[in-house]
Structure formats: C-alpha cells, structure tokens
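For reference, the chains in residue letters:
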Amino acid sequence: MTPMLAASLALLTFASVVSLGRVLRHGSLVDRALGLDFLVVTLALGVVVDAVVTGSTLFIPLVVAVALVAFLATVAVARFVERNGA
Amino acid sequence: MIRVTAEVAILAGSLLVAVASIGLHRFDDVFARLHAAGKATSLAFLLVSIGAFAHGLPARAAGELVLASVVLLVTTPVGVHVLADAAYRCGDQLSSSTTIDELADRSAPSADLDE
Chain A
1 MTPMLAASLA LLTFASVVSL GRVLRHGSLV DRALGLDFLV VTLALGVVVD AVVTGSTLFI
61 PLVVAVALVA FLATVAVARF VERNGA
Chain B
87 MIRVTAEVAI LAGSLLVAVA SIGLHRFDDV FARLHAAGKA TSLAFLLVSI GAFAHGLPAR
147 AAGELVLASV VLLVTTPVGV HVLADAAYRC GDQLSSSTTI DELADRSAPS ADLDE
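Keeping their order, the protein sequence lines are chains A and B.
When we follow our numbering, the leftmost residue of the first sequence carries the number 1, and every step to the right adds one.
When we follow our numbering, the leftmost residue of the second sequence carries the number 87, and every step to the right adds one.
Looking at chain B on its own, in the form it has when it is part of the complex (with noise of 0.2 Å):
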C-alpha cells in the first residue's frame, strides 16, 4: 500500500515534469518560460524525493536527497531571477497579453556591473 503511494509520488513528479517540458515550447515569452522551468523542477524533485524514501531508498541516501532538495528550492528562484534580469535587460519583449510592465521605467543597464 505505502509502495503504491509513493510510486503514485514519483509519477506525479515525472507527469509534472513531462507537462512543463510542454510548456517551454508553448509559452510565447521568455519569462512565462521561466515560470514553467523553475517552478515545476523543484516541487518534482521534492515529489520524487519522497516518493523515493516511501519505496524502500535505503536511508544512506536520505541525506543527500534531502541536501540536493533543499540546494534545488534555494537556487532556482535565484537562477531564474537572475535570469530573468538578464533577459528583460537584454530586451526580451514581453508577450502581448502582458498588461502590466512594472519595470518599464528601468534605465539601461549600468556600468558598475564589474565593480
């Protein structure tokens, strides 16, 4: 029983991933993209995790499946922030069903990047 519910786990991990590789391609813009990237590999990567230890992972790997878990939620909000900075700086158009552009009264890029 508790088999059956942790590989129901690691499905829902790997459906959740399938769908959101889906989504890189159909979202018109390069920040709706980044939602899509970011969001769904950390929640798989914690359903995957605990779907794994349900099944019987021996508890040798419970440390460092958690360690990489907690990595993955901490840096990927930084990385796509980051690259989200980078795209709009680099003037990625926004999509045109976007309303609301909150940083449209950004200046150019400044030069104190290499400081």
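Isolated chain A (complex conformation) (with noise of 0.2 Å):
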C-alpha cells in the first residue's frame, strides 16, 4: 500500500466519521437522510479503494448495489417526509 493510497484511505474514514455526526445532530429527518446517503456513498469508496490494495475484486458488487439502494432508502425517506413532515 502506497502512502497516497493510505492517505486516500484515512480520508476516506475521516469523511464516514464526520458525515457519521452530521446524521446524528440535531436537525431534520432530511438531514439525516443526506447523511446517510453520503455516508453509504463513502464507505462504497472504500471498498473500491481496497479492491485496489489487494486486487481483488471480490467485492465490487457490492458497489453497485450499495449505490443502487442507496439512491432507494433516499427517495423513501424523502416520500415519508413530504407526506407526514419532518
């Protein structure tokens, strides 16, 4: 491993972290939402800078279907949210 693929790596954790206290201030359910969906977004980084550690792919669809339910619980939570408010 790399120093900058390490360093990719460390931002990468310090970004799940910190989106991690955005989902958990105090807000709005819309808020949180985005949060996640940033979070789930970053930890998907990860797991493709990690297939590049090892060269495996082994977990790459993991990806893609983080990325599409990702994109589903958004849309839930934004219909949850127009209809009964935050």
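Honestly, the hints are just simulated from the structure, not real lab data.
Treat the hints loosely; a few may be bogus.
[What the hints assert, rightly or not] Stretch-level coverage of chain A by chain B, calculated; a stretch enters the list once three of its residues show a Cβ under 8 Å from a Cβ in chain B:
| hint | segment |
| --- | --- |
| 1 | 5-14 |
| 2 | 20-29 |
| 3 | 41-52 |
| 4 | 56-63 |
| 5 | 71-85 |
Even glycine gets a Cβ: it sits at the ideal position worked out from N, Cα and C.
With the hints as a guide, bring the two chains together.
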C-alpha cells in the first residue's frame, strides 16, 4: 500500500466519521437522510480503494448494490417526509 | 508513471469527499448541504473509478464499476431533488444569506400525492 493510497483511505475514514456526526446532530430528517446517503457512498468508495490495494475484485458487486439501494432509501425517506412532515 | 497518476486521481476523489463532509457541517442551510452531498459523491466516484482502472484493477470489475458510476450519476440528482422538495414543503427555512426564493408563491402540499 503506497502512501497515497493510505492517505486516501484515511481521508475516506475521516469523511465517514464526520458525516456520521452530521446524521446524529440535531436537525431534520432530511439532514439525516442526506448524511446517510453520503456515508453509504463514502463506504462504497472505501471498498473500491481497498480493491485497488489488494487487487481482488471480490467486493465490487457490493458497490453496485449499495449505489442502487442508497438511492431507493433516500427517495423513500423523502416521500415519507413529504407526507408526514419532518 | 501511470500508477502515480492513478493514485493522484484516487487521492483527489478522497479529498473531495473529505472536504464535502466538512461542508455538511459548516453550511447553515439544508439546501446547501444537499449541494455538498450530491455533487461531491458522483464526481468523487468517477475520479476514484478512473484511478482504479488506471492503477490496474482487473477488467472483470470494469463493467460493474461503470454501471455503478452511471447509476450514481443518474440517481443522485433525482434523490437530491426529491429531498429538496420534501424539505421545502416541510418548511425548512432558507438561510438568511439567500436573496431569491423562486418557490415563494407555492401553495401547501397538494392532496393528490397518493393518487
């Protein structure tokens, strides 16, 4: 693992912790939904960087599944908020 | 040489995501936070995917990563739009530095959501 890849993983870890803080912070449901969408895509990026580090493409389908499911979850939460209020 | 460029691309994508996560905290408006979350994730995913291919990820992963990139590029604006619509309808206030509200004369949420 070269230093630049290690720095990328460190930055992604930092980003996921900070966005988790956004999810838990006092705010509306929309804030939490977008924080979770961001968190999930950050984790998917971490999987891609890990695939580059180890050279194994075993977990790449996870990235596709995560991208699809995150979008569905975001839209479901938004429809719920529209109907019931935050 | 190509490996170094690939790693720079991956690092750039990660840096973009890290800066956007700070922006999620610092913006004072839910709509600005939607900007940070939506724009950064799709661009960062593109950068990291290109860096991964240039670095030498096996070609088996090519189709799946391209699919994931296209899916993210298409669905992220839709998700951001739906969230912004829901936030506006529920009365999330725009920040005090906003000067134009184009939806100010919009009526209350209509009752035909369930049809």
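Problem - Structure-inconsistent hints, enumerated in ascending order - result: none
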